[in-house]
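Keeping the supplied structure of chain A fixed, place chain B upon it in accordance with the hints.
Chains A and B are the protein sequences, given in the same order. According to my numbering, numbering within the first sequence proceeds without interruption in unit steps and concludes at 268. According to my numbering, numbering within the second sequence proceeds without interruption in unit steps and concludes at 1223.
No lab work stands behind these hints, which were simulated from the structure alone. Heads up, none of these hints are tricks.
The list that follows gives simulated cross-link-like pairs (lysine-lysine, DSBU-like), each with its CA atoms no further than 30 angstroms apart: (1) B/1168 <-> A/35; (2) B/1082 <-> A/168; (3) A/238 <-> B/1128; (4) A/168 <-> B/1128; (5) B/1159 <-> B/1078; (6) B/1128 <-> A/169; (7) B/1112 <-> A/35; (8) B/1142 <-> B/1102; (9) B/1128 <-> B/1102; (10) A/238 <-> A/261; (11) B/1084 <-> A/169; (12) B/1112 <-> A/61; (13) B/1007 <-> B/1159; (14) A/169 <-> B/1081; (15) B/1136 <-> B/1102; (16) A/238 <-> B/1142; (17) B/1081 <-> B/1159; (18) A/82 <-> B/1112; (19) A/35 <-> A/84; (20) B/1168 <-> B/1136; (21) A/35 <-> A/61; (22) A/35 <-> B/1102; (23) A/82 <-> A/61.
What the simulated footprint calls covered on chain B by chain A, stretch by stretch (three residues with Cβ under 8 angstroms from a Cβ of chain A suffice, anywhere in the stretch; the number is not a length): (24) 1070-1082; (25) 1090-1096; (26) 1117-1127; (27) 1149-1157.
If you want the footprint, here are the derived chain A segments under chain B, 3+ residues with CB under 8 angstroms: (28) 25-39; (29) 112-122.
Idealized CB from N, CA, C, for every residue including glycine.
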Amino acid sequence: MELNDFEEMEQPELPLQVKLEVFEGPLDLLLHLIKKNEIDIYDIPITTITRQYLEYLEMMKSLNLDIAGEFLLMAATLLHIKSKMLLPPSEDELGEEIAEAEEDPRAELVRRLLEYQRFKDAALEMNRADLLDREVFARTFFQEEFLKEAEEAVVGEATLFDLLEALKKVLETVPPEEFQEISLEHLSLKDKINEVMEALWEKETLAFQELFTPATPRREVIVTFLALLELLRLRMIKIFQPEHFGPIRIFSPLEREEGQKIISERIS
Amino acid sequence: MEEIQIKAVIEALVFVSESPVTLEAIREVFGDIPKKELQRIVEEMIAEYQNAPRGFSLTEVGGGYQFRTRPEFVEWVKKLKKIKPFALSQPSLETLAIVAYKQPVLRTEIEKIRGVDSGGVLRTLLEKKLIKILGKKDVPGKPLVYGTSKRFLEMFGLKDLSGLPTLKDLAGLGPPPPPEEVLPLEDPKPEGEEEPAPRDEETFSGETAGKEESGGENPKDLG
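Chain A extracted, bound-state conformation (with noise of 0.2 angstroms):
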């Protein structure tokens, strides 16, 4: 498999989990098999393709490997195409011209081979062209000292994305919480509002971070964060990633008043 050659880790969530990275689906499998043994793929001799294909997935069995549900639903299709092929064409009082309407068992699949090929190719021709910051660069531009004339700043827009990868790196830094006597506290979001407001007027930007302490409870995160969400819809903030990963950096355009009138307007 040449297309796989090159390869990029991707979805480590979930450490224990071992993808057989050879193929990505049973489409991609069925493909291979075609190949391998040179056959058309307009007339695929199914019962081989199938022998083959379950063979694979005994071999993933036997490598202690999960099957994916989708590899499993593929050899029902096999199976019942199968099947299908070997039950003699369908007679009745119109003979022959039933037998010609139906449809070849396999052309569903073949169908969807072809097109999931086609569009393989397409991704190898795509992966084909200069790449930026592959083959070819453009100029970079650091802009810290942007970054200090707050409004000013035209610097890398964060999205939402960026913000929750944000909120994951911070609920990591939370230790896992210890049983303990429990406190109710009152965390209102009002509250939070007002203090991340607070401080954004008392220093005129903060970093995402500087929200959060390691000791920050799981809960008060959660809070902060909403608060953020709520802000950003009110407009009354704006928030910056200068490079990708980089730290996020929150902005009022407001001033204090003009805020404080929001909230107590807007937020109950």
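Leaving out everything else, chain B in the frame of chain A:
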């Protein structure tokens, strides 16, 4: 103003801009020169850079103009920059190709073609800002509709989507279905505008759209 001066100014504008400078931004700088004329001049410049023995060229990408090093010098540049080159995994590339050619496209449609769950890959592509959420489809469940972003064009060095390599036609597949109606998340945005993809559109839209346009190509950056 003489043409040679105009060219010099355009060169300066492209030089200071982080993202590709649009023709519109250039026109705003000059004020009185018609867009058509500017376009002719820029295109002439592109050819001039191309024909000169230089390490970079002026390229038209993602609806604007940008200086980029020439691919033949990649090894030298890498020696200096020592960065991990941009790379996409096979699943990401496949999915990106499907989004690029099939947009506006639903996750279920992508998964039907790939035959595997594609949620994780779509997320990665969203994080890399190569794709964006175009809106929601007006069917039960209001599924999200995906499309490629301006960044996608920039990464792949494309002027616009028509620059994609032609998709091989397939016998027996029939013509592609007509584009489907997509519900915009709010007001429709002009074509080609970069839009991050938050679900809570109201949170972001106003500032984002405005900033994105001015980012890097706003006259005030020049001072």
